[in-house]
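Protein chains: 2
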Amino acid sequence: MKYRLLSPGPTPVPERVLTAMANPIWHHRTPAFETTFARCRDGLKWLFQTQQEVLTLSCSGTGAFEAAYCSLFSPGETVLCVAGGKFGERWANMAKALGLNAVVVPCEWGDAVDVQRVKDALDQHPDAKAVTVCASETSTGVRHPYEQIAKLVKGKDDCLMIVDAITALGVWDIAPERDGIDVLVTGSQKALMLPPGLAFTSLSDKAWARNAKAKLPRYYFDLAKEKKNQLQNQTAYTPAVSLVEGLLESLKLMHEEGLAGMFARHQRLAAATRAGAQALGLALFAKAPADSVTSVLQPASIKPDAVYKGLMNRANLTIAGGQDAVKGKIFRVAHLGYYDELDIITVLGAIEIVLRQEGYTAFTPGAGVGAASEILKDGFVAKKA
Amino acid sequence: MKYRLLSPGPTPVPERVLTAMANPIWHHRTPAFETTFARCRDGLKWLFQTQQEVLTLSCSGTGAFEAAYCSLFSPGETVLCVAGGKFGERWANMAKALGLNAVVVPCEWGDAVDVQRVKDALDQHPDAKAVTVCASETSTGVRHPYEQIAKLVKGKDDCLMIVDAITALGVWDIAPERDGIDVLVTGSQKALMLPPGLAFTSLSDKAWARNAKAKLPRYYFDLAKEKKNQLQNQTAYTPAVSLVEGLLESLKLMHEEGLAGMFARHQRLAAATRAGAQALGLALFAKAPADSVTSVLQPASIKPDAVYKGLMNRANLTIAGGQDAVKGKIFRVAHLGYYDELDIITVLGAIEIVLRQEGYTAFTPGAGVGAASEILKDGFVAKKA
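Listed in order, the protein sequences are those of chains X and G. Numbered according to this note's numbering, the first sequence spans residues 1 to 385. Numbered according to this note's numbering, the second sequence spans residues 1 to 385.
Please keep in mind that the hints were generated in silico from the structure rather than gathered at the bench. Bear in mind the structure is a predicted one, so any value in this text is a computation, not a measurement. Check each hint, because a few of them may be wrong.
Claimed, not checked - Derived SDA-like pairs (lysine to any residue); straight-line CA-CA distance at most 20 Å: (1) G:Lys215 to X:Pro75; (2) X:Lys327 to G:Lys45; (3) G:Lys2 to X:Pro24; (4) X:Lys96 to X:Pro126; (5) G:Lys96 to X:Lys327; (6) X:Lys227 to G:Arg90; (7) G:Lys225 to X:Asp324; (8) X:Lys156 to X:Asp111; (9) X:Lys215 to G:Pro75; (10) X:Lys206 to X:Ala224; (11) G:Lys45 to G:Ala175; (12) G:Lys287 to G:Pro299; (13) X:Lys86 to G:Pro299; (14) G:Lys287 to G:Glu147; (15) X:Lys309 to G:Thr35; (16) G:Lys227 to X:Asn93; (17) X:Lys309 to G:Lys213; (18) G:Lys213 to X:Gly99; (19) G:Lys309 to X:Lys227; (20) X:Lys2 to X:Ile345; (21) X:Lys215 to G:Asn101; (22) G:Lys154 to G:Asp114; (23) G:Lys225 to X:Ala97; (24) G:Lys156 to G:Ala209; (25) G:Lys119 to G:Gly99; (26) X:Lys2 to G:Asn23; (27) X:Lys86 to G:Asn23; (28) G:Lys213 to G:Gly99; (29) G:Lys119 to G:Thr50; (30) X:Lys227 to X:Ala209; (31) G:Lys228 to X:Asn93; (32) X:Lys327 to G:Asn229; (33) G:Lys45 to G:Thr35; (34) X:Lys225 to X:Ala212; (35) G:Lys225 to X:Ala32; (36) G:Lys309 to X:Thr35; (37) X:Lys96 to G:Asn211; (38) G:Lys2 to X:Lys206.
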């Protein structure tokens with residue numbers, strides 16, 4: 001069977017982008033590369049809805065998060081990290097590994113963090129230099145109330161709001177200046193429709209002011225050095241030039257659809273996926289679902305990971321299973337990036353077949369697809385080319 | 001005019017590799033990716049001529065060097081860094097930035113380091129935990145005597161030999177166990193014929209033993225965590241999957257040529273480039289030239305960077321100019337990776353034209369190409385397909 005990819009990263013790369021990346025390699029210290037990079041910088045500012053420079057790093061999103069820590073803090077400083085999933089926990093573990101005092105703000109997997117808990121943690125730790133939170137927690141499919149948390153942080157002189165938007169940016173309307181985000185981090189292989197290998201971050205003036213006094217050791221991940229270079233359309237170290245070529249093409253694709261179009265499409269695909277799963281009698285795992293990835297509890301009657309493995313082994317279709325605390329118990333369908341209405345129909349149809357093969361038959365065949373199609377029909381009109 | 005790339009990184013990517021990377025993206029947590037990754041691991045061990053695991057990182061070569069420092073040393077420990085060029089100096093600056101005590105072993109740009117100086121530095125710093133050296137110093141085109149330095153380091157119980165082979169591995173015969181190299185680092189965009197974005201490192205048992213006591217903070221660049229994952233054909237964080245696809249194809253190409261064939265070709269291309277430049281009355285800059293890149297002093301009579309800029313602006317051909325200490329004074333022609341005999345003819349022919357345009361006419365037209373062709377004819381026979 002054809003290979004189909006509906007995982008929350010890597011996500012599929014459009015043919016136009018694949019073709020752009022297959023062009024012969026340019027040297028990066030050339031006017032041609034600099035022209036491409038300048039256009040990417042403009043496009044990234046548009047996508048990030050920011051006046052700040054958006055820095056391009058050659059690493060995964062995890063690397064960009066490390067760059068933010070290294071470039072903004074000093075050993076022993078306190079950061080409050082909202083848990084509630086694999087990635088929220090990762091940023092706490094990373095802070096510890098780098099010598100910061102990471103205070104975990106607890107949150108059950110599947111829940112959105114209680115803003116009062118963050119407020120309490122800030123009151124308990126008046127010396128906190130940052131709060132970290134995942135806008136979209138990829139491991140649970142939850143959207144955390146980062147806007148409300150940002151309001152708490154905004155009033156504090158020396159505390160930064162750091163948002164992991166790795167599976168959020170480009171999916172819904174995030175604008176760092178408007179939303180009070182001091183550090184926004186994302187990766188290439190999500191809504192940006194690229195292969196993994198690049199990551200991006202933008203910093204507020206408040207964050208740049210902190211950079212001057214930050215003493216954590218850094219070299220590859222030195223954001224001030226990158227900013228100095230990237231303002232000249234260069235990077236501090238050799239960048240992943242083929243991915244930068246792809247980035248220019250993916251930014252063109254996004255521009256053609258427009259931010260409003262992208263956000264509306266992601267909202268529609270997410271709503272349809274949720275409706276489809278529920279119409280099969282399945283419960284959503286995320287209490288506050290993000291529009292990037294839909295997490296669904298497996299029926300108790302079937303084997304752990306049966307949907308994920310069944311799709312992988314019999315339909316050659318990759319979604320995501322559960323990780324860590326919810327391994328085997330949930331499955332996750334991605335719809336961020338290069339997806340359209342018929343991709344959702346396809347994956348729901350495949351899930352129906354696999355569920356029936358696994359012995360779960362508590363639904364009328366076609367019920368999931370039918371419920372989704374009621375929502376998807378709103379997008380089912382010809383778009384400008 | 002067509003674009004031609006003869007810089008020491010990025011280097012051209014073969015069409016077969018470009019096409020492989022343009023395949024639809026696979027998810028990395030799949031048996032298909034794991035099969036690809038397992039084959040890459042085997043191929044990398046063959047290329048590195050090592051029994052050790054060769055770790056794949058999603059970053060540039062600079063990132064892999066940082067990974068070695070972070071994973072092997074503790075704050076304040078002494079490392080002796082052979083200077084003599086931009087990259088030798090970079091590893092000293094990086095060591096300082098990461099909180100190590102970097103002792104620079106001085107070396108004039110263009111010279112190979114005097115081994116006695118390294119011996120003296122080791123005697124003066126009996127607590128040194130490592131010596132770093134560039135096998136091929138890309139900024140000067142020099143081959144440093146890393147094998148002799150390795151012999152000095154081998155006798156010391158707690159001192160590692162770290163070799164930057166970013167523009168050396170795949171060019172000539174380097175075998176870490178045989179040559180006494182504890183840490184070998186290379187990048188994707190050089191002899192490996194890939195775009196930038198991946199880097200590779202292998203560690204000796206002696207280096208792995210050090211890893212356990214190393215206290216520098218690390219997270220993204222944690223080699224022990226990578227080893228644990230990569231033994232299972234996975235990576236700790238999302239890898240640059242399209243570049244891994246390309247890597248498999250480039251390893252196939254290298255395997256078809258064979259290590260001996262690769263080394264002989266690079267030797268031939270380097271010898272021809274040197275002979276061609278000298279036949280134009282130009283002096284080589286490197287006292288001990290590496291077979292990866294040929295650095296040539298510009299005639300005093302022409303404008304700084306005239307050859308580099310003339311080729312770029314009028315022939316759409318990128319070589320490299322001089323960096324830092326020799327900016328404007330030398331030009332560098334790369335011949336590592338996807339190059340053959342006619343590429344050398346092409347670049348020498350282009351250099352002849354540019355030199356004459358710049359007013360340097362102290363040679364008979366065709367003299368450079370003619371001298372090179374005497375050497376290149378040895379490789380000018382049909383190869384197995």
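Hints, one by one, checked against the model:
1. G:Lys215 to X:Pro75: Roughly 14 Å between the alpha carbons, so the hint for G:Lys215 and X:Pro75 holds.
2. X:Lys327 to G:Lys45: 34 Å, violated
3. G:Lys2 to X:Pro24: 11 Å, holds
4. X:Lys96 to X:Pro126: Satisfied, since the Cα-Cα distance of roughly 19 Å is no more than 20 Å.
5. G:Lys96 to X:Lys327: Answer violated: G:Lys96 to X:Lys327 is near 42 Å, above 20 Å.
6. X:Lys227 to G:Arg90: Given that 20 Å is the threshold and the Cα spacing comes to 19 Å, the pair holds.
7. G:Lys225 to X:Asp324: Holds, at roughly 17 Å.
8. X:Lys156 to X:Asp111: 26 Å, violated
9. X:Lys215 to G:Pro75: 14 Å, holds
10. X:Lys206 to X:Ala224: 14 Å, holds
11. G:Lys45 to G:Ala175: 10 Å, holds
12. G:Lys287 to G:Pro299: 17 Å, holds
13. X:Lys86 to G:Pro299: 60 Å, violated
14. G:Lys287 to G:Glu147: Holds, at about 17 Å.
15. X:Lys309 to G:Thr35: The given pair, whose Cα atoms are some 17 Å apart, holds under the 20 Å limit.
16. G:Lys227 to X:Asn93: Satisfied, since the Cα-Cα distance of roughly 19 Å is no more than 20 Å.
17. X:Lys309 to G:Lys213: 40 Å, violated
18. G:Lys213 to X:Gly99: Holds, at roughly 16 Å.
19. G:Lys309 to X:Lys227: 26 Å, violated
20. X:Lys2 to X:Ile345: Holds. X:Lys2 to X:Ile345 sits at ~16 Å (cutoff 20 Å).
21. X:Lys215 to G:Asn101: Status holds; Cα separation ~16 Å.
22. G:Lys154 to G:Asp114: It holds: about 18 Å lies between the C-alpha atoms, which stays within 20 Å.
23. G:Lys225 to X:Ala97: Roughly 13 Å separates the two Cα atoms, so the pair holds.
24. G:Lys156 to G:Ala209: 14 Å, holds
25. G:Lys119 to G:Gly99: Distance ~24 Å between G:Lys119 and G:Gly99 Cα, so the pair is violated.
26. X:Lys2 to G:Asn23: 13 Å, holds
27. X:Lys86 to G:Asn23: 30 Å, violated
28. G:Lys213 to G:Gly99: OK: G:Lys213 and G:Gly99 at ~16 Å, within 20 Å.
29. G:Lys119 to G:Thr50: Violated, because 27 Å separates the two Cα atoms, which is more than 20 Å.
30. X:Lys227 to X:Ala209: The hint holds at about 14 Å.
31. G:Lys228 to X:Asn93: 18 Å, holds
32. X:Lys327 to G:Asn229: 18 Å, holds
33. G:Lys45 to G:Thr35: 16 Å, holds
34. X:Lys225 to X:Ala212: 12 Å, holds
35. G:Lys225 to X:Ala32: 38 Å, violated
36. G:Lys309 to X:Thr35: Holds, at roughly 17 Å.
37. X:Lys96 to G:Asn211: Distance ~18 Å between X:Lys96 and G:Asn211 Cα, so the pair holds.
38. G:Lys2 to X:Lys206: 47 Å, violated
Violation of the numbered hints given earlier is confined to hints 2, 5, 8, 13, 17, 19, 25, 27, 29, 35 and 38; the remaining hints are satisfied by the structure.
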